[in-house]
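**Student:** Here is what each chain is made of, one letter per residue.
Number of protein chains: 2
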Amino acid sequence: MADNKKMVNAITAMDEDFAQWYTDVVKKAELADYSCVRGCMVVRPYGCALWENIRDELDARFKELGHENVMMPMFIPESLLQKEKDHVEGFAPEVAWVTHGGLDELQERLCVRPTSETLFCDHYAHIIHSYRDLPKLYNQWCSVVRWEKTTRPFLRTMEFFWQEGHTMHETAEEALAETEQMLNVYADFCEQKLAIPVIKGRKTDKEKFAGAEATYTIEAMMHDGKALQSGTSHFFGDGFSRAFNVQYTGRDNTLQYPFETSWGMSTRIIGAIIMTHGDDNGLVMPPAVAPTQVVVVPVAQHKEGVLDKAAEVTARLKKVARVKMDDSDNSPGWKFAEYEMKGVPLRLELGPRDIENNQCVVVRRDNREKTIVSLDELETKIPELLQAVHDGLYQKALARRESMTYTVKTFDEMKDTADNKPGLIRAMWCGDLACELKLKDEAGVSSRCMPFEQEAVGETCVCCGKPAHKMVYWGKAY
Amino acid sequence: MADNKKMVNAITAMDEDFAQWYTDVVKKAELADYSCVRGCMVVRPYGCALWENIRDELDARFKELGHENVMMPMFIPESLLQKEKDHVEGFAPEVAWVTHGGLDELQERLCVRPTSETLFCDHYAHIIHSYRDLPKLYNQWCSVVRWEKTTRPFLRTMEFFWQEGHTMHETAEEALAETEQMLNVYADFCEQKLAIPVIKGRKTDKEKFAGAEATYTIEAMMHDGKALQSGTSHFFGDGFSRAFNVQYTGRDNTLQYPFETSWGMSTRIIGAIIMTHGDDNGLVMPPAVAPTQVVVVPVAQHKEGVLDKAAEVTARLKKVARVKMDDSDNSPGWKFAEYEMKGVPLRLELGPRDIENNQCVVVRRDNREKTIVSLDELETKIPELLQAVHDGLYQKALARRESMTYTVKTFDEMKDTADNKPGLIRAMWCGDLACELKLKDEAGVSSRCMPFEQEAVGETCVCCGKPAHKMVYWGKAY
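Here the protein sequences line up with chains A and B, keeping their order.
Residue 188 in our numbering sits at position 188 of the first sequence, and the numbers go up by one each step.
Residue 281 in our numbering sits at position 281 of the second sequence, and the numbers go up by one each step.
You may find that some hints are simply not true.
[To be verified] Straight-line Cα separation of at most 30 Å, BS3-like style, residue types lysine-lysine; simulated pairs: (1) Lys200/B to Lys63/A; (2) Lys193/B to Lys319/A; (3) Lys319/B to Lys319/A; (4) Lys63/B to Lys324/A; (5) Lys63/A to Lys309/B; (6) Lys415/B to Lys470/B; (7) Lys318/A to Lys318/B; (8) Lys415/B to Lys193/A; (9) Lys63/B to Lys27/A.
In case anyone wonders, no lab produced these hints; they're calculated from the structure.
Please take these sequences and the hints and turn them into a complete structure.
**Tutor:** Here you go:
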């Protein structure tokens with residue numbers, strides 16, 4: 001217990017200072033570390049293993065839907081970035097510029113990609129000629145750079161890791177269907193694999209992606225009531241095709257511009273995992289992507305037969321879960337605290353008494369519930385318990401979101417709720433930018449999304465009082 | 001046949017213009033395309049799928065040996081790059097410099113990593129404190145940038161994709177063992193998975209990596225007799241540890257500098273695959289990493305039952321191989337040429353007559369050998385035939401290398417062989433840089449490696465005639 005306390009004391013309590021709690025968890029759970037480059041992080045082995053699991057899960061879903069991976073250059077020539085007006089306006093102020101190669105000054109500056117619509121369009125202009133070449137369903141896994149002023153590991157870093165899908169379609173309908181489909185993939189992934197409930201919706205024009213006609217988003221609520229945009233999917237119409245002269249011969253033998261989408265999920269989602277499930281003991285990993293799903297801790301491991309049995313149990317479990325045994329010299333108390341900090345979903349304790357009784361003790365990370373499991377039933381019980389942890393995490397997060405979601409009808413109510421109650425706020429909006437800006441400036445909330453599942457929670461705009469038909473989620477956001 | 005000819009005519013013959021043949025294969029097999037950024041390529045879906053198979057195979061081997069993946073920043077501050085003298089001298093002339101972030105000029109320039117020893121050392125200085133923290137066995141998959149003057153897809157590109165392992169050890173012996181172990185991993189991977197025979201050896205001081213004490217290499221021979229350095233592994237001693245102040249408390253309670261290694265394999269290896277196995281009909285993929293191992297081509301597919309049977313065969317084969325069916329409207333002749341171009345190891349033809357006889361025809365890409373296979377034996381015969389293609393490719397490449405490897409004893413012989421016989425040349429060397437430079441300048445050959453398997457092919461240096469104890473492979477190289 002002394003050991004345990006020592007570890008736990010090393011993290012700031014959530015209620016005391018949520019931002020510090022977050023940083024403590026990132027560092028002590030060894031997900032990431034600061035680097036010598038401002039705003040760039042080192043993703044450590046535990047964080048990298050988590051990202052690889054996320055990548056593999058998403059990548060399999062993308063491929064199953066017919067998407068193919070490519071690898072584009074990391075640089076964009078300045079002239080290429082400037083081809084689409086809205087896009088360059090959105091991104092030029094926050095890119096890193098390469099001006100020299102070796103000892104020579106470049107004739108044209110290159111920016112390090114902040115996103116790759118321009119590069120994909122340039123490539124598509126070379127390879128799309130006929131309707132037979134459509135759809136093109138490409139994706140890439142890479143890192144991108146945005147010159148951010150304030151940064152925090154995973155949540156906002158100058159360089160971050162992500163996937164970016166870029167697709168081209170014959171018709172606007174097909175492209176819109178793709179935009180929706182990929183948002184659904186993200187939402188399903190978050191709920192089924194990360195145990196994070198999300199709200200699906202559309203961004204207002206103010207909040208949409210630079211150059212997009214429509215941006216869809218999934219929004220999740222963090223422990224402190226703030227929203228985190230967890231994945232986005234954009235419909236571009238044929239704007240980029242026109243700007244980049246991507247044309248194909250259609251079924252009617254005339255030249256056409258294809259319709260484009262893009263969609264991305266990034267290492268930000270690791271921030272969402274931390275701030276949705278974590279607690280004062282550290283991280284809590286959703287089982288489906290946890291680098292280690294079960295840690296086997298031998299108790300009284302010096303006693304004859306304990307280590308052998310623990311190794312046997314570990315070997316058996318390897319067939320059904322990602323499992324590791326810790327037979328180091330550290331005390332069981334130290335180990336308990338360590339794997340709680342790292343958020344390993346299940347801890348399996350095995351001592352001489354357990355072995356005598358042909359059983360083990362399994363402790364859930366999410367609620368500390370202990371279950372006695374017969375060693376004969378390991379292969380069925382452990383996956384069941386992992387599923388139970390997943391369900392528990394999801395339900396807890398959903399209940400928290402519901403209890404921290406408010407509905408308001410007037411500006412005063414909005415301001416009062418925003419000032420005093422962390423969480424999401426549902427309110428009607430007339431659709432005017434002026435109201436959106438006033439809510440931001442005077443109530444401190446931004447529009448998170450216009451949810452696909454609309455519900456008329458009033459008849460007039462929360463800001464100006466005019467008739468309103470859109471229900472919007474408002475809140476503070478990461 | 002007309003179709004077939006048309007496709008084949010699209011590639012320049014190897015004997016006519018090997019460089020053009022290479023470019024044709026890269027483009028027509030759709031491995032990569034040029035991009036709008038000088039010296040940077042677009043790796044297309046087929047090339048990317050190949051690279052992902054290479055990555056997955058290598059990554060599994062690394063992890064089995066205890067290595068863990070991390071993700072480091074893509075930038076290196078100028079002051080960090082300068083910490084190790086030899087290293088900065090080697091790399092500074094060929095890096096891309098970021099000088100502006102958004103609209104602001106940076107106080108310190110950042111280079112885009114050409115390799116990451118400096119970043120790893122900086123991180124290791126933070127996380128290595130005690131001998132208990134050693135060894136550290138890290139790897140990362142990423143792209144790096146080197147400002148090359150002349151570039152060719154895969155072989156030499158400004159940005160290229162690779163993995164770079166960086167490890168720290170308590171003793172020089174352990175680090176040397178790691179350096180050797182990882183070279184063996186590369187050699188084994190090349191021979192067992194890529195069917196590329198390699199020569200393992202050590203680079204001369206002139207050819208070693210900037211900042212390394214020793215560089216080990218695997219060298220492969222391409223179709224045109226030129227050598228291609230296919231993977232390297234470096235031993236740094238404690239030079240970088242001292243430069244970056246990485247220190248740990250040893251078992252004897254004194255402060256020590258750990259010993260470092262690094263090792264890398266890049267997308268260059270795709271160039272090696274093309275130039276080792278390819279022929280005048282296009283690419284030949286080694287089965288173990290081929291994105292598609294078997295293509296099922298229905299013959300007379302409009303006839304009743306053909307497509308159904310082909311789909312059934314495809315579904316069955318999916319359990320033992322990466323298989324795809326092409327039931328497009330293109331003619332069988334067009335399809336045959338297309339998949340030959342793409343180097344798919346096995347083509348499975350299935351027509352009404354075959355179905356009647358409960359059989360199919362399987363054609364090997366490497367030697368066009370046809371085998372009649374009973375449909376009852378598919379699941380055993382196809383893996384056997386894939387192995388046969390692998391073995392055939394390896395043996396053919398090995399025989400070519402042997403037939404194009406020469407042994408010379410005098411400078412005149414060396415010059416004559418280098419001028420007239422493409423291939424590798426074995427000759428003794430005294431160890432003097434002056435002789436190495438003279439051979440380069442006057443005979444046009446560089447030292448490829450001092451092979452681990454030494455054989456005294458003479459007693460005197462091929463250049464100066466003084467006593468010599470090192471047998472060296474010399475040649476022209478990519």
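**Student:** Check each numbered hint from earlier against the structure, then list the numbers of those it violates in ascending order.
**Tutor:** 1 and 8
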